[in-house]
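K.L.:
The residues making up each chain are set out below.
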Amino acid sequence: QQQVKQSPQSLIVQKGGISIINCAYENTAFDYFPWYQQFPGKGPALLIAIRPDVSEKKEGRFTISFNKSAKQFSLHIMDSQPGDSATYFCAANRGADGLTFGKGTHLIIQP
Amino acid sequence: DGGITQSPKYLFRKEGQNVTLSCEQNLNHDAMYWYRQDPGQGLRLIYYSQIVNDFQKGDIAEGYSVSREKKESFPLTVTSAQKNPTAFYLCASSIAGGSGEQFFGPGTRLTVL
Numbered sequence: 025q026q027q028v029k030q031s032p033q034s035l036i037v038q039k040g041g042i043s044i045i046n047c048a049y050e051n052t053a054f055d056y057f058p059w060y061q062q063f064p065g066k067g068p069a070l071l072i073a074i075r076p077d078v079s080e081k082k083e084g085r086f087t088i089s090f091n092k093s094a095k096q097f098s099l100h101i102m103d104s105q106p107g108d109s110a111t112y113f114c115a116a117n118r119g120a121d122g123l124t125f126g127k128g129t130h131l132i133i134q135p
Numbered sequence: 041d042g043g044i045t046q047s048p049k050y051l052f053r054k055e056g057q058n059v060t061l062s063c064e065q066n067l068n069h070d071a072m073y074w075y076r077q078d079p080g081q082g083l084r085l086i087y088y089s090q091i092v093n094d095f096q097k098g099d100i101a102e103g104y105s106v107s108r109e110k111k112e113s114f115p116l117t118v119t120s121a122q123k124n125p126t127a128f129y130l131c132a133s134s135i136a137g138g139s140g141e142q143f144f145g146p147g148t149r150l151t152v153l
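Chains as they are written, first to last, in the numbering used here: chain G, 25 to 135; chain D, 41 to 153.
Honestly, the hints are just simulated from the structure, not real lab data. Note that the coordinates shown come from a computational prediction; the quantities given were computed from them, not determined experimentally. Note that the Cβ used here is the ideal one computed from N, Cα and C, for glycine as well. Incorrect hints may have been included.
In the BS3-like style, the derived pairs of lysine-lysine whose C-alpha atoms are separated by at most 30 angstroms in a straight line are [to be verified]:
| # | chain 1 | residue 1 | chain 2 | residue 2 |
| --- | --- | --- | --- | --- |
| 1 | G | K82 | G | K39 |
| 2 | G | K29 | D | K123 |
| 3 | D | K110 | D | K97 |
| 4 | G | K66 | D | K111 |
| 5 | G | K39 | G | K127 |
| 6 | D | K97 | G | K92 |
| 7 | G | K81 | G | K92 |
| 8 | G | K127 | G | K81 |
| 9 | D | K54 | G | K66 |
| 10 | G | K66 | D | K49 |
| 11 | G | K127 | G | K95 |
| 12 | G | K66 | D | K123 |
| 13 | D | K54 | G | K127 |
| 14 | D | K97 | G | K95 |
| 15 | D | K97 | G | K66 |
| 16 | G | K29 | G | K95 |
| 17 | D | K97 | G | K29 |
| 18 | G | K127 | D | K97 |
| 19 | G | K127 | D | K123 |
| 20 | D | K110 | G | K66 |
| 21 | G | K29 | G | K39 |
| 22 | D | K49 | D | K110 |
| 23 | G | K81 | G | K66 |
| 24 | D | K49 | G | K127 |
Facing chain D, from chain G, some residues (calculated, C-beta under 10 angstroms) [unchecked claim]:
| # | residue |
| --- | --- |
| 25 | D55 |
| 26 | G65 |
| 27 | A73 |
| 28 | G126 |
| 29 | G128 |
Label-pair ranges, simulated between beta-carbon atoms [as the list claims (entries may be wrong)]:
| # | chain 1 | residue 1 | chain 2 | residue 2 | range |
| --- | --- | --- | --- | --- | --- |
| 30 | D | Y50 | G | S79 | 41 to 47 angstroms |
| 31 | D | K110 | G | I42 | 44 to 50 angstroms |
| 32 | G | D55 | D | G103 | 28 to 34 angstroms |
| 33 | G | I132 | D | G56 | 37 to 43 angstroms |
| 34 | D | D78 | G | P106 | 23 to 29 angstroms |
| 35 | G | P106 | D | N93 | 45 to 51 angstroms |
| 36 | D | I100 | G | E50 | 17 to 23 angstroms |
| 37 | D | P48 | G | P64 | 14 to 20 angstroms |
Could you build all of it, start to finish, from the sequences and the hints given here?
P.N.:
Structure (structure tokens):
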């Protein structure tokens, strides 16, 4: 049973455009929602995270939008750059339990 | 330099052999985790430990074993009972009972020949 569903599987965006990746979760006990960025052959790196008591969090060009009633959250990358080309994972957990990950989105930013 | 180290980076194993993957952290984190990554599958939790000498099974623990004798170390053994062990293995750590933020190591790619 997949508890975090991520879409799209792959995404191509022109340089300077907005990249949008969506996730939906099922477990209402989740209280922490991070996004990770992973380059080929490397471990994932935390990009940005949100808790369900806020609806939006912005860090530089990266924004998380959170809709608690719909149990959905999304990552927006503004002014997308070729260096943003990577695989992005949404995740969720409760406390110090292990993270439940989405299956990932392979993002390509075309110059 | 604070961080998580995993060794080796690449590991080859013959069928029927057990193999142990190393994970060490100097972040003074109480909690440590092991994930398995397969193409198109995201990361799946194998085992986690919130304190020394204690650990819990994750979603796909069958065929794996762990130990947590020291705070800094959380080795993972892939046993011969694991039917499809070829994968990318990732170790992570976090502050126990904290924000949930987990820091990942560089990974070990295991290939069964």
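K.L.:
Does each hint hold? Answer for all of them.
P.N.:
Tested hints:
| no. | hint | in the structure |
| --- | --- | --- |
| 1 | G:K82 / G:K39 | holds, 20 angstroms |
| 2 | G:K29 / D:K123 | holds, 26 angstroms |
| 3 | D:K110 / D:K97 | holds, 18 angstroms |
| 4 | G:K66 / D:K111 | holds, 24 angstroms |
| 5 | G:K39 / G:K127 | holds, 24 angstroms |
| 6 | D:K97 / G:K92 | holds, 29 angstroms |
| 7 | G:K81 / G:K92 | holds, 14 angstroms |
| 8 | G:K127 / G:K81 | holds, 23 angstroms |
| 9 | D:K54 / G:K66 | holds, 25 angstroms |
| 10 | G:K66 / D:K49 | holds, 10 angstroms |
| 11 | G:K127 / G:K95 | holds, 17 angstroms |
| 12 | G:K66 / D:K123 | holds, 25 angstroms |
| 13 | D:K54 / G:K127 | holds, 29 angstroms |
| 14 | D:K97 / G:K95 | holds, 26 angstroms |
| 15 | D:K97 / G:K66 | holds, 25 angstroms |
| 16 | G:K29 / G:K95 | holds, 11 angstroms |
| 17 | D:K97 / G:K29 | holds, 22 angstroms |
| 18 | G:K127 / D:K97 | holds, 21 angstroms |
| 19 | G:K127 / D:K123 | holds, 22 angstroms |
| 20 | D:K110 / G:K66 | holds, 26 angstroms |
| 21 | G:K29 / G:K39 | holds, 27 angstroms |
| 22 | D:K49 / D:K110 | holds, 22 angstroms |
| 23 | G:K81 / G:K66 | holds, 26 angstroms |
| 24 | D:K49 / G:K127 | holds, 23 angstroms |
| 25 | D55 | holds, 8 angstroms |
| 26 | G65 | holds, 8 angstroms |
| 27 | A73 | holds, 7 angstroms |
| 28 | G126 | holds, 6 angstroms |
| 29 | G128 | holds, 5 angstroms |
| 30 | D:Y50 / G:S79: 41 to 47 angstroms | holds, 44 angstroms |
| 31 | D:K110 / G:I42: 44 to 50 angstroms | holds, 46 angstroms |
| 32 | G:D55 / D:G103: 28 to 34 angstroms | holds, 31 angstroms |
| 33 | G:I132 / D:G56: 37 to 43 angstroms | holds, 40 angstroms |
| 34 | D:D78 / G:P106: 23 to 29 angstroms | holds, 27 angstroms |
| 35 | G:P106 / D:N93: 45 to 51 angstroms | holds, 47 angstroms |
| 36 | D:I100 / G:E50: 17 to 23 angstroms | holds, 19 angstroms |
| 37 | D:P48 / G:P64: 14 to 20 angstroms | holds, 18 angstroms |
Consistency note: the structure conflicts with none of the earlier hints.
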